[in-house]
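Chains F and R, in that order, give the protein sequences.
When you line the first sequence up against our numbering, it's residues 1 to 309, in that order.
When you line the second sequence up against our numbering, it's residues 1 to 247, in that order.
Treat the hints as calculated values from the structure; they're not laboratory data.
Incorrect hints may appear among the rest.
Stated by the list, open to error - Quick list of simulated restraints, FRET-style, between CB atoms: (1) F/118 to R/201: 54 to 64 angstroms; (2) F/130 to R/16: 35 to 45 angstroms; (3) F/125 to R/234: 47 to 57 angstroms.
On a predicted model such as this, the values are computed, not experimentally measured, just so you know.
Even for Gly, the Cβ is constructed at its ideal location relative to N, Cα and C.
Residue strings, one per chain:
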Amino acid sequence: MTVPPSDEIAVRVYGLQKRYGDKVAVADVSFEVRRGEIFGLLGPNGSGKTTTVECVQGLRRPDGGDLSVFGLDPIADTAGVRTVVGSQLQQSALPDRMKVWEALRLFSTSRNAAGSWEKLLGEWGLAEKRNTAFGDLSGGQKQRLFVALALVGDPRLVVLDEMTTGLDPSARRLTWDLVEAVRDRGTTVILVTHFMDEAERLCDRLALLTSGRVVAQGTIPELIAGAGGRTEVRFTAEGEVGFLRGIDGVEAVDPGPGNAVTVVGTGPLLARVAHAIVERGMVPGDLRAHLPSLEDVYLDMVGDSGDGS
Amino acid sequence: MRTVAELTWLELKLLMREPLTVVFVLLLPMVILYVLNGVFGSSPADPSVWEGIGAIDFYTPSYVALVAATVGVLTVPVHLAGYREHGIIRRLRASAIPPTVLVAAHSVVAVVISAVSSAVLIMASVLGYEARLPSDWPATVGAFVLVAVAFAALGSALGALLPTARAAQGLGVLLFFVFMLLGGAGPPMEVLPDAMADIAEFLPITHAARLLRSAWLGEGWEGTAALVVAGMLVVAVVVALWRFAED
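Could you build all of it, start to finish, from the sequences and the hints given here?
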């Protein structure tokens with residue numbers, strides 16, 4: 001049962017500001033999350049992602065800005081917001097000796113959803129681990145438990161902060177499946193991450209943060225188009241290639257060492273360049289296109305030195 | 001309220017899964033009882049020491065105070081500081097379990113284990129060393145509850161102030177030894193040098209032990225001691241709430 005994202009706004013953040021003493025954590029953040037989508041907050045460490053979602057959940061009091069979570073104000077109605085938001089927090093844990101079922105039961109009680117946890121055990125593949133202590137779970141199992149805990153009481157929004165940091169590659173992929181499964185049951189997801197592959201794989205739309213500001217937001221194709229990303233076509237060929245400058249969309253032709261050629265431009269560059277070369281009777285070797293990716297947009301906007309980790 | 005009850009029960013179960021803590025809390029006072037009574041136990045009531053009552057009648061209520069203080073300054077802050085260190089407090093808060101609920105649960109657990117440990121201790125004192133049972137049960141139980149809650153609150157404040165479980169452990173052990181040696185559970189107050197006797201007057205354990213003794217011996221609640229213990233309770237609660245609200 002997949003519920004398609006709608007245009008209805010689930011979360012609206014406008015002009016959010018938050019300082020810790022002299023340090024500005026969030027300078028000016030605005031974005032909108034649509035109901036039923038996975039919305040990403042992507043940015044380097046220290047860019048204000050976690051502070052932003054903590055404000056959305058009513059865990060921190062912002063210094064400025066307007067917030068609305070399903071029509072509720074997280075500052076004025078913290079208790080109300082807690083009932084519609086479930087969360088998986090960055091660097092959080094449970095007591096090592098607490099068993100899986102005990103944690104689920106406790107959180108069901110605190111969220112006034114007693115009885116709903118038995119179903120979550122099965123749904124998230126934890127039935128066999130119900131009597132296992134938190135400290136004895138593997139990294140992937142802990143994430144599954146956190147997702148199940150976030151879903152106690154059937155929240156409309158789930159905030160997942162840095163879910164895959166420290167997980168091995170196979171556990172990461174399984175965690176990604178979990179996130180999609182959460183979305184597919186109709187829950188809106190805000191995903192905080194500093195991994196581009198994760199954002200690219202999971203997010204329907206995302207906001208790119210750096211130094212406490214949103215520098216770009218939209219779907220991934222929108223971000224790439226908005227950043228004016230260039231396609232590069234590379235090949236090797238004998239002979240003069242200057243004629244390629246006349247092709248639609250081509251902006252530069254750089255003959256490199258040997259017979260290597262790099263053509264930079266926009267539009268369906270690979271098809272046009274390949275067509276023109278073949279038409280001339282030339283045989284291109286090792287023909288490849290490099291399309292702009294989220295990573296290019298990210299590095300362009302954030303800079304290579306942005307991520308301290 | 002249901003969350004407090006659920007969390008309290010869960011924390012009690014978690015504590016039972018730490019055999020070392022349980023053994024420590026139950027056995028330590030017994031060891032001290034055994035050693036000190038080996039040294040002083042047979043001394044007849046002597047007007048120059050132990051406030052003129054027999055050693056065992058002086059020490060039994062003092063140990064009860066020491067048990068409550070030990071749970072307060074060791075068990076409670078080590079758990080709470082560790083919870084914050086590992087992000088457990090944040091985790092609970094995000095799921096509608098505020099630190100106040102956590103502190104309440106830990107305080108109830110502290111009072112319960114202090115009570116169990118004290119009961120074992122009193123039985124050993126009475127059966128093994130012919131100590132007197134309390135002359136005034138209601139006053140004694142009341143004094144015990146006040147003392148146990150006050151030390152649980154002190155522990156919560158320490159747990160709120162200290163950054164890590166390790167720091168809490170270090171300070172807790174230090175406080176435990178100071179409390180034991182100077183607070184009326186160690187050498188008789190009358191033989192302490194003046195400087196140490198002055199320090200002892202500043203320690204909450206001294207007043208807690210005095211309060212319990214006066215109730216135990218049927219002299220009612222000693223006023224100053226009761227005020228000092230209650231004052232510590234209020235200050236500790238304020239500090240704990242303020243610090244946890246900052247988190």
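Hint check:
no. : hint                               : in the structure
1   : F/118 to R/201: 54 to 64 angstroms : 57 angstroms, holds
2   : F/130 to R/16: 35 to 45 angstroms  : 19 angstroms, violated
3   : F/125 to R/234: 47 to 57 angstroms : 49 angstroms, holds
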